[in-house]
Amino acid sequence: MIRIKNLTRIYSLGDVRVKAIQDVTLNVEQGEVVTIMGKSGSGKSTLLRQLGLLDRPTSGEVYIEGEEVSSMGDRKRSHLRLEKLGYVFQEFALLPELSAYENVYLPGLMLSKKGVDFRKKAREILSLVGLGERIDHKPRELSGGEQQRVAIARSLINSPKYIFADEPCANLDTLSSKAVMNTLVDLNKRLGITVIFVSHDPDDKMYSNRQIFLKDGRLVEPYF
Amino acid sequence: MMSLVFINLLFAPALLNGLIDTINGKLRESITSDIILDSTSEDGYIQDADKFIGEISEIDGVDSATSRTNIGAEILYQKSKSSYGITVVSPESEKRVFDIENYLVEGEFLEEDDEGQIVLGVQIAGRGDKSLELYSSSLKDVHVGDVVTVKFSNGLEQEMKVKGIFDMDFIQIDTLSLINQKEYESINLQLKNTARQVNLKLEEGYDLDSMVVRIRNEFPDIEARSWKELAGIVESMTQSFEIIIIILRVIALLVAAITILIVTYVDLTNKRRQIGIQRAIGIIPETIILTYVLRAAFYSMVGTLVGALTFMFIIVPVEHNHPFTFPFGDVLMSIDYSQMLNFFVTLMIVSTIAALVPTINTIRIKILDAIWS
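In the order they appear, the protein sequences are chains A and B. Residue 51 in this note's numbering sits at position 51 of the first sequence, with consecutive numbering throughout. Residue 229 in this note's numbering sits at position 5 of the second sequence, with consecutive numbering throughout.
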């Protein structure tokens, strides 16, 4: 379970202070698929980055499985990201010099859990997302949709309990978008992974159990 | 670049080592021998020198011994005059202890029974060679067979025929003039069978310091000193060279550090996004830092290895074929392997620190800033 309490993130741009999210409180239960929606600049991605431990809030708290993580040290947050979370970036964020397989395997290399063959697992996950035949291709040799599926596969290598996806279909065509979203929903159904994704496309509501709306950094509807 | 830096680090010390080896070698071959024995008596002479040399030669570890006496004298030839004094030697034993006879450029070395003969260093003889460092104070154009006038400090004056001229490429040696003991005794009868100093050559590998201690214990009237104690010229020159070498070394290490720093910084700037991604997927900062530091260390290692091989198998052999010429002769570079290892370790430490600084700086950037950079 994820719990956010009075979360605020303020960016300082020179003398200007931008309140990206303000006093956000919400809970996400295990196994949910939640869409964070809102207009551009509403704070969707900022909120997701707080959940994905890529950024720290100005104030407020984030709890993952009861543990307060926003004030945790960098090393612990890195471990948590590596072991329990999966994050899918809008722009894929793959390492260009590595193949699809190597990109997926890399976190596994760091995990070194006993009894887990991460090489085999990387191949299996790439097959799961429909890229079993393209594992040796470099990112530049893959389409946008394929790259995003590699990114999803990478986020799965650690068998995460939570996947955070930041507009995973923003750079994709309709067909690829559907494939990516179906992959995420399928993972939720088959593996019980909690999926929280950001979207500004109202049609993406169909993939989630619950939608959260943000406006000017604040939640704008009752949601719990 | 690292190879060049490493070669730069090795070059000056190797030259200095070669220089010191050359000077020490020539000093031992011609002036000091391994051990120098002086009398502690008031007149400064070792009496009954033959007997003393016989006794000292019996000591286990002594290869051979000879006596030398320096006397004040002026040598005149035509309008030129040289005032470096004269060294009295015992030619047979002299040849066993010293090596001057192998550096003769004209004529022959002295024999025990020679009368009225003198051997001159090239800086005294001049030989008409105006390129000599001390030509202006030499006898200008003396060759073997020429007759010079020797004015001894006791007032005696004697005509002597030049029997040989030697050139050891070392000013301190090439200003020696040698006559034999018989000649000396003929002009100074009361100093028969005496010597100012006795020089010992030790057997190969025999410990110098323990021999000095042993002689001091067995001959309390004799002052025994090793050649190292007399190598003052080398000592002062070494100190000056070492200061220069330290400066060069600091510069070379700075160049290495800046090179690694720039290379790592450029590499990190190009890979900032990748580092952000790596951190986003949970790779801990220490692991990323270690990767870059190890990479820098690897580049340094390969660079230094190439530098070391280039130095050992190209530069040194080429220099040995075309040696640098100094006032003490041709200097052959000498590799000190422990020093080389020391430089290698220093360079690795410097490279690691130089890589560490920009890496830590880059890792401190926020994950999102790194990804978006």
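Hints were generated in silico from the structure; no laboratory data involved. C-beta: ideal position from N, C-alpha, C; glycine also. Among the hints, a few may not be true.
What the hints assert, rightly or not - Below 20 Å or equal to it, Euclidean Cα-Cα: the simulated EDC-like pairs (lysine to aspartate or glutamate) are:
id, chain 1, residue 1, chain 2, residue 2
1, B, K354, B, E339
2, B, K590, A, E102
3, B, K416, B, D491
4, A, K161, A, E65
5, B, K250, B, D370
6, B, K303, B, D262
7, B, K495, A, E65
8, B, K590, B, D491
9, B, K495, A, E91
10, A, K76, B, D287
11, B, K275, B, E442
12, B, K406, B, E298
13, B, K452, B, D245
14, B, K495, A, D201
15, A, K19, B, E253
16, B, K406, B, E316
17, B, K303, B, D245
18, B, K590, A, E29
19, A, K161, A, E29
20, A, K19, A, E29
21, B, K305, B, D370
22, B, K590, A, D55
23, A, K215, A, D74
24, B, K354, B, E316
Stated by the list, open to error - Just a sample of chain A residues kept apart from chain B, beta carbon distances all over 10 Å, derived:
id, residue
25, S12
26, N27
27, G31
28, D55
29, L82
30, Y101
31, P107
32, L142
33, L175
34, A179
35, N188
36, T194
37, H200
38, Q211
39, V220
Here's how the hints hold up against the structure:
no. : hint            : result
1   : B:K354 x B:E339 : 31 Å, violated
2   : B:K590 x A:E102 : 25 Å, violated
3   : B:K416 x B:D491 : 81 Å, violated
4   : A:K161 x A:E65  : 10 Å, holds
5   : B:K250 x B:D370 : 27 Å, violated
6   : B:K303 x B:D262 : 36 Å, violated
7   : B:K495 x A:E65  : 34 Å, violated
8   : B:K590 x B:D491 : 18 Å, holds
9   : B:K495 x A:E91  : 16 Å, holds
10  : A:K76 x B:D287  : 74 Å, violated
11  : B:K275 x B:E442 : 15 Å, holds
12  : B:K406 x B:E298 : 19 Å, holds
13  : B:K452 x B:D245 : 12 Å, holds
14  : B:K495 x A:D201 : 33 Å, violated
15  : A:K19 x B:E253  : 87 Å, violated
16  : B:K406 x B:E316 : 12 Å, holds
17  : B:K303 x B:D245 : 39 Å, violated
18  : B:K590 x A:E29  : 29 Å, violated
19  : A:K161 x A:E29  : 11 Å, holds
20  : A:K19 x A:E29   : 27 Å, violated
21  : B:K305 x B:D370 : 14 Å, holds
22  : B:K590 x A:D55  : 8 Å, holds
23  : A:K215 x A:D74  : 30 Å, violated
24  : B:K354 x B:E316 : 33 Å, violated
25  : S12             : 13 Å, holds
26  : N27             : 24 Å, holds
27  : G31             : 23 Å, holds
28  : D55             : 6 Å, violated
29  : L82             : 3 Å, violated
30  : Y101            : 15 Å, holds
31  : P107            : 5 Å, violated
32  : L142            : 16 Å, holds
33  : L175            : 26 Å, holds
34  : A179            : 22 Å, holds
35  : N188            : 21 Å, holds
36  : T194            : 17 Å, holds
37  : H200            : 19 Å, holds
38  : Q211            : 25 Å, holds
39  : V220            : 25 Å, holds
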